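Peer 1: Chains C and R are the protein sequences, given in the same order. Residue numbers for the first sequence follow the numbering used here, beginning at 1 and rising by one. Residue numbers for the second sequence follow the numbering used here, beginning at 1 and rising by one.
Rather than coming from a laboratory, the hints here were simulated on the basis of the structure. As the structure is a prediction and not an experimental result, all values here were calculated from the model. Take the hints with a grain of salt, since some may be wrong.
[Unchecked claim] Pairwise CB distance ranges, derived in the manner of DEER restraints: (1) Pro196(C) - Lys374(R): 27 to 33 Å; (2) Pro164(C) - Ala437(R): 20 to 26 Å; (3) Lys531(R) - Asn126(C): 31 to 37 Å.
[As the list claims (entries may be wrong)] Below, a sample of chain C positions facing chain R; criterion: calculated Cβ distance under 7 Å: (4) Pro92; (5) Ser127; (6) Gly131.
C-beta: ideal position from N, C-alpha, C; glycine also.
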Amino acid sequence: MKKLSTLLSVAAAALLFSAFVSTESVHAQSAPASSAGDAVAGKTAFMHYGCYECHGTQGQGNFGAGPAIAPHPMPYANFLTYIRAPRGEMPPFDDHVLPAGDAQNIFAYLETIPAGQPPSHIAALNSIGYGTGAAPQSSAALSHGGEVYDAYCLKCHGSAPIGPSLGNEKSRKDLAATVEWIKNPAPPMPKLFPAPLSEQDVNDVAAYVQTL
Amino acid sequence: MGKKADKKSGVDRRSFLAGIATVGAAAVAAKPEAASAAANVPTKVMPPSVAVAAADTGSPLATTPTIDFPATDRLHVSHPGSDYMVDVVRNLPIDYIIATPGSTFRGIQESFINYGQNVHPEWITVHHEEISAAMAHGYAKVAGKPAAIIVHDDVGLQHASMAMYNAWCDRVGMLVLVGNILDASSRRPGVEWDHTAISPAEAVRGFIKYDDSPVSLDQFRESTTRGYSIMTTPPFGSCLITVDGDLAERPAEVGPLPISPYHPVRPPAADANAIEEIAKLLVAATNPVIVTSRLSRTPAGPSLLIKLAEMLQAPVIDTNDRVNMPTNHYLYQSFNRSLVGQADFVLGLEVSDLFGVLGDVVDTTIRHTITKTKPGVKVAEINSELLVGSGNYQDKQRFYPSDIPVGADAEVSMPALIDAVARNMTDARRNLNPQRAQRFKQMFTNTRMASLDAAAVGWNASPISPARLCAEVWNQIKTEDWAYVSQSTFLSNWPQRTWDFTKTYQGIGVSGGGGVGYQMPAAVGAALAHKGTGRVVVNIVGDGELLMLPGSLWTLAHHRIPLLTIVHNNRAWHQEHMHVQRMANRRDRDVSRSAIGTVITDPNVDFSYLAKAYGVYAEGPIENPDQLVPALQRAIKMVKSGHPALLDIVTQPR
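Chain R with its partners taken away, still in its complex shape (with noise of 0.2 Å):
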């Protein structure tokens, strides 16, 4: 949009202007001088983009460089209809677009590399749509806010499907643009009736909160920002919106509407009565027991439950898919989970399987259900699962008949379940609370004594224990600021047993689905999230998983994003092994031959070979503990720097 072209339409540009300036925070402008050269502007004069509101108003963001439009001949396209769509995105709290590029959405990626200036969102290149949709996993649970993908129909997003779904059972959320071609007369013979569908949703809406097909622009407005606010509201899930080809590419002769600020939604809190009622058993139990999921939502999660924890003294147990309870805090009891069966209160916080924590199923040859809890127990639940609608897929996990559940955000119900609390507490309970604090603190030391007394076995072993891989790591990054962008299940919990966890950006909990290949790609997301702000930041990772998406490293280098990888290579899909092993038990035959199609042997792979492959600096790989420690340390230093580094670790299984 060219200053010319508004004098002709004789709009008060002035003014009108100023209203939309204000909109985009971080718009980048359009050459004023530049926009001349668009002589031949549709009769119907579209509203002005951010940026190019910006410029004219004098916002200093018209500073920013900016494009040439070009002649409006019948052999350019002036002002596409992917302009004004980039406008819509980056009114919206989107740092970063992750993709793989692709023919169907080839307009509104020119939109977004130069109208949009390639600045908010950022466009960061990938191997595959899998590491996008991974990526943009891990991403948000450190940034706290959703990054965008862009995929080809169909085949791009049968590959992000995987990872879409992992995010989808963690309950995190990203906006998933999609090219398409709505059109079938315009579509070219051959790959561009492949790459479109009718729905192209239809593929993912399993796993997906909110999905539109726009045919107007004015409808993509609107559908992306509803999308965006559906998504970012508690329970989180993604949006897909599809990116038509042809309106992308057209001229956006039809003007639509301006793009008004985007406002997020508030999530939903707690009923009150239901409040009053928590709080006045809370109080009454005599053995509480808090066990939360995804209590924090926001950096203000951890403090809000150390709070309510403490005046009650009662222990929490963590599942740790976020950092909920600082793991050095005496009432992080997660590794004593038996303290269910003397609670005769459960308050569940934003549980993700209720069910599991205080029952289980046993897997024997004929599985039975069991449970944990004593007779009698109260269970109570502030959890935005129960607004999760059911569908095809079964990740909600199995029921629990909570005696009081309530449909809400727990974080944001938390100050007045604290004030409610406060309100209800007696000078008798309040009065057990020396003893109960005693006991848990005793508790907590003697559970970190054991845990290093069982570290200590098997110390200068090689294969390396895992024990001993997660206290050199953490000797080395405990006095920097440090995060954790891996899960530990394979792990044997070794950080979450012997770390302190005390701030939410330092750990990014868990896959959600199970999908094996998210460890690595969601491990670079998070990176990314951190990017800048100096932190060391570390992912173990298990070969299998980076096997699947090695080319995750490729982004790091390419990007320049500081990440110290260490590889747990157990040469092995160790879980897998166990299973099979398990059947040949229960079936009295040759257990050894469980390694046949479990074990990732030879040959061994090398994975400092593989990162430099990729332009990663690496080390490995590493059999002799002795040498662990130099080589972190000289890894560190290389992330320090600004770079990624590997480590190729030869461990024991978990």
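Okay, chain C solo, but in the shape it has when bound (with noise of 0.2 Å):
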């Protein structure tokens, strides 16, 4: 028992990878960008499914058993792909267990999710520290580039490793380099430009991992 839940970690955001990985073959298909489901009867389904067990009711991930899948959720078409055929420990939703329709529906839920107020908002938070640790960012390009990596390349380049860590990133590619490699990534990183990213998102995430 003691080891599932470090599995569970591994699964489950091998999830993400895998949605990554097929991201090509899903545009292939010309699956669509949006499911156009019904999001109040998308909880009810992410509920009844189960898919807060691992990954919270929000979709805010849980760490050790199931990553962030809200807010800012990833394209549909890698959703649903990912879902039907998970590589990691995710387990598989096959059409027949969890109905196109549902899927929809929870993916609609995923997008209704608004992002958290700022931690600087919330007094409990607010008054967490960062140790010994840097001063955060005050630069507002920087702290959009920290907002764009935590929704978007955080689940994999974070706690647990899909993709390679990025620290001291910099030594490997400089600000120019970075911004080239996302734009035009090599699978199996996704292509997020143009879209979900924009030309700004993309800057100012470059600008973020250099800091890394």
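Both chains come to you apart, so use the hints to assemble them.
Peer 2: Here is the structure:
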């Protein structure tokens, strides 16, 4: 039992990796970009099918069980591909276990989940310090870059490593190379530009990665 | 033992007692005048107990209230063997003995509470032997020394066994005394046969370190002292000693030898050549990474680890089995485990599962092994775990073939390692440190920022998110002298991600063996060790855990142990819920039915009623997150006044 949490972490994180790995094939199938589902019904389905167990009732993720899948859910095509045929420890949800309509509704629910307030606006979180770490970034661009990083990069490059750690990435790629890589990555890293990441998003997140 | 008796024996009592009195530092005295009632003493004079010696030599301890020895006719027993047994236990640094009553040890129980005056050790009453063992487990991790438990043989030991197994897996020891009646001819028909075994330890021998079944008081003294020494020498493990009922209840007519002062065994330190070799590799490495689980045996652990890590600016991945690396230090990188993939040298310091950090076995339909390190990485470990013998139980985890395995206690080896690193340090290597420090400082801050962003999601949700629960608790206790006596696995590790653990007493790590039922009594045991310090001690316990041993709450109330218990009430054995669902998914079956047998609803358990029934202040169930802070403040006020309190919080899964 002790091992399960660790295994789940890797498995659930691998969910996202597989989704990214499958990006090209999904694009080739011209999967819809959005589910156009019913978010209210989706919340019910999210609970009924046990998604909340690993990913939290707001999709915020549970360390050691499943990564965050909201806010900012991955593209619907990736989402659908992955839940049908995950490669890691995430169990598969075939269409007769989780019908397509319910999957659409679940995705619609994930899309409605708002980002949390900035921690600085929540007293209990604002009071948590950074110990002997570096001072938090105050630059608006870096701050935005950090938000983009948390939303799109951390799932694979964070504590449940699917992609490589980006610590000291600047020793391997300078800012320009990082921007270029994000815009035109080699598989299995997913292509996130020009959507969902904009030019500004890419520039800011690249600058942020340079600080790691 | 009375004065009159000793005068009769002609022993040079004053000089003999002077030596004995120094043995037991906290001995309790026998009232001298009362002892004179012992007219019918054994013909062979028993050496005086520590208590009697202290009384007769004028020790300050002699002022302690004492006992009256009965007349020694055929209806009475004077100087029972169990009094001597109590002196043996009292000669060891054991402050508490924890028990559910059992007739097989009635003799020694009476000696502890009357002859021993119920101090050092103090008798702690519990509802279940599993509580006894789990309390001793939690206690030892705060106190830094074992407690004793005493159980019936067979039934009581069987009850205690799972919690003893947890402690074994966590490398924590306790003195387990087992009531038994070895002489078949003296057993009453019925239950005394049912509660006796030829070899009591057989039931638990796979997860203890030492056992014996003494048939004399001399053997009891020697085996208990030897067992305590073995138990408290790394790697730690429990010691089981049988307390024979006849030996305890009969007069100690054959005099046992005096009790010698106890001297602890020095822990094994690493070989000097190995230390030098590891130090050179650490300095030569481009990306050294330190991994640890149970380095801290004493309060010195964190400062030693900080010193080594800062000399090398090496990140530390702490599996948090103890408080090893302060969680607010920038080199605490436990949530960036991918750093092991960049390492060219890994140093493991008392790692409980080195393979599990550097590799994994993935829970897929067809399981396979993965390696997280890059090719060519060198791995050294200083680990008392390497000295643990193998057995039936598979708690040693998967073998990792370290390049330099050193079987020794890491904490005691640290000063020599730090010196060796300092000797081998070069200017070129030292000059890299500022850049490395900046990198890890930034990484630490980024990790905390990401955690705070994640905690903000669903902040106002109901059921309450564990992230909010933990953040609100931290906000209430951070200005206090606090301690956290729970494991964080089922809380998404929020405490370690956002709280500042800086002292060893602030955390007790994990259960070890994963046996459910550990958390509540372990927290009670840890809180017992904190009692009297004024600390605000917090226990966040899952509902499934608490339902295993709710009687632990009564012990809190009965012994006035201040502890804030927060029930992380997700109304499920959530981990198992996920397991069953995974099976349904893989078999293409209805996943929604995985709740059958894994949720705790219909009816929902009201833990506030439960706690009140045991005499503990309680509130709940609390489902509205806005009610959380006021409830916490009321409960903490109760705890600071010296009482236990419980809050039932309805939460998200983990």
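Peer 1: Hint by hint, note whether the structure agrees.
Peer 2: Against the structure, the hints come out as follows:
no.: 1; hint: Pro196(C) - Lys374(R): 27 to 33 Å; in the structure: 32 Å, holds
no.: 2; hint: Pro164(C) - Ala437(R): 20 to 26 Å; in the structure: 22 Å, holds
no.: 3; hint: Lys531(R) - Asn126(C): 31 to 37 Å; in the structure: 34 Å, holds
no.: 4; hint: Pro92; in the structure: 6 Å, holds
no.: 5; hint: Ser127; in the structure: 6 Å, holds
no.: 6; hint: Gly131; in the structure: 3 Å, holds
Violated hints are absent here; each numbered hint is respected by the structure.
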